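Read top to bottom, the protein sequences are chains A, B and C.
Going by UniProt numbering, the first residue of the first sequence is number 1, and it counts up by one from there.
Going by UniProt numbering, the first residue of the second sequence is number 1, and it counts up by one from there.
Going by UniProt numbering, the first residue of the third sequence is number 1, and it counts up by one from there.
Just so you know, these hints were derived from the structure itself, not from any lab.
Hints may be right or wrong, so weigh each one.
[What the hints assert, rightly or not] Derived pair list, reagent style EDC-like, types lysine to aspartate or glutamate, alpha-carbon separation capped at 20 angstroms: (1) Lys10(A) <-> Glu232(A); (2) Lys38(B) <-> Asp25(B); (3) Lys4(B) <-> Glu171(B); (4) Lys246(A) <-> Asp52(A); (5) Lys6(C) <-> Glu76(B); (6) Lys73(C) <-> Glu150(A); (7) Lys10(A) <-> Glu64(B); (8) Lys246(A) <-> Glu232(A); (9) Lys6(C) <-> Asp25(B); (10) Lys50(C) <-> Glu125(C); (11) Lys6(C) <-> Asp79(B); (12) Lys6(C) <-> Glu64(B); (13) Lys152(A) <-> Glu232(A); (14) Lys152(A) <-> Glu41(B).
The model shown is predicted, which means the values in this text are computed figures rather than measured ones.
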Amino acid sequence: MWKWLHPYAKTQNAYQLCERLLPWFVVSAFISFTLGMVWGLLFAPSDYQQGDSFRIIYIHVPSAILSMGAYSAMAISAFIGLVWQVRTAFMAMIALAPIGAVVTFIALFTGAAWGKPMWGTWWVWDARLTSELILLFLYLGVISLYASFEDKQQAGKAAGVMAIVGVVNLPIIHFSVEWWNTLHQGASITKFDKPSVAPDMLWPLLISILGLALVMAAIFIRRLQNEILRRELHRPWVQALVAEAKGK
Amino acid sequence: MYIKGPNGAGKTSLLRVLTGLVSPDEGAVLFEEQNIIKSREQYHQQLLYFGHALGVNRSLNALENLRFWCAQHGVEHNDAEIYEVLALLGLVGLEDVTVSHLSAGQQRRVALARFWLQTAARVWILDEPFTALDVQGIALLNNRIVAHLKQGGCVVMTSHQALDVDYPTKELQLEYRI
Amino acid sequence: MSMALKAVFERDLALAYRQRSELMQPMMFFILVISLFPLGIGPNPETLQKVGPGVIWVAAILSSLLGMERLFKDDYNDGSLEQIMLSATPLPLVVLVKVLAHWLTSIVPLLLLSPLLALFLNLTEPMYWALLSTLLLGTPLLSLVGAIAVGLTLGLNRGGVLLALLLLPVFIPLLIFATAAVEAASLQLPYSAQLAIIGAMLLISLALAPFAIAYALRVSQN
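When you get a sec, could you build the whole thing from the sequences and use the hints?
Now the structure itself:
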């Protein structure tokens, strides 16, 4: 694994790998995301209790799952960066952070929008929404720490430590918020039951998750490339690339 | 070893890499054939670093600062020795004055007292040690450096002043490059 | 080595004593914030008792953040930190001692004020004992985890607000468990489970935080 990964610690190799992977990701993301959205939002059967308003789960659930996933991925790349001193890993981390933050925001927004027909109010301190809100704060913390440093190499390391602190904390936050919620459960709040999802709802949901994941991956690859270029601007290989692009 | 070069050439950065405070982007610093990042503790026992920041707390007095420094660096010391060194550096009567009340040159002398107290360190790394010192202070430090070299010690230093030590030195010229 | 650690401890205590007026400020902030609440939500004793534990804990977190920067800032600026890092004493241990000294000098005074505040907010006696035990277990956790973020923001000129942004979300679980313990006490229920969880978090951070802080300090030297 390490032998295979090692060459990509060099930014130039990572850049070229991204260049090769990007088209595949863009195409598959486009197909699966469109399929998931169209199937989920237009053709999947509507819920017998909630009617069509439940269809927002085809956006809410994927973004909620992937917001956590992106944070873990961020922490993993921070860890790789800190332990093996891989600079590209820090770039990957910071390329992921805004994507994760946006997806977290989408999850929050759709959650609130779903809450309106469900609970009759835009916001309730539901356990999952609260966790999601705290996750957004964690993302913003990492991003603003990174942005505060002039020296981006130092910034990467600092933000990396914070990402790892956050990921250690994430399960504790999740657990504590769940627990706090059951403790304070008011009369107006009803938690979602977790009924077994019918297969004709499950399939479009799974495809939506995959689709969003691929979309995020494609954006991530592009952002990573940009980050590499921005940081390595002085290197000859980047200069050559720029010259080539200008020539066209 | 005497490191020269214009502002921004990387003298301080080089010294900080040599101390192990900053890890190099590429390459490694070896001391007795061991990477200093790996054998940090053995290396730091042999090292004395004097940087731009003095490492002297302004709310404490000279004596307290040096006592703390000695204890921190495992240097055997007693107050009599510290008084003696401070006297040598022309700080008689100022031992128990809070450092913030001392002049810039006097504060430097407090920090420089380490070079007389710590005798075990073989590697000295000095970043602009002569700044803000008067003629007499420069002479004192120069003599101390030569004495250290004669005992077989090693000194790596930067200075904007011409170096005037009675000992063969190597020079390294750094240039400013974008 | 133990001599070096003892020297760090004594020095930090001496420094705290010299700068005691600076240490007073977070304490005054603590009292002030808490006195704002009765003024803001009315002096009804039952309401105050209900929000009391949460208010005290939020105020404790905020005021501990205020004094947090002191932990390394001076040493960073005057170069003492460099010298400490260049000594043969393992940095995680030095850092642990510094956090301990900081906790004793800046946080323990807040704990000493807590009976007064319990009185202000009309807490019952069992509630007060629960509050005190959560503060005793929880505030070292604040210092340990806070020190990581202090180390990370050392190189920045304006680290103060950023420090709060980084730390407040991380402290949420502590807030939840601590206030839950006090609430349980107000209902005459056992609260040892909440204390045990806070204790577990404290032990984990005691084991891991010194290394994270040491790493953060090394990053600050770049």
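For this structure, which hints from the list above don't hold up? 4, 7, 9, 14
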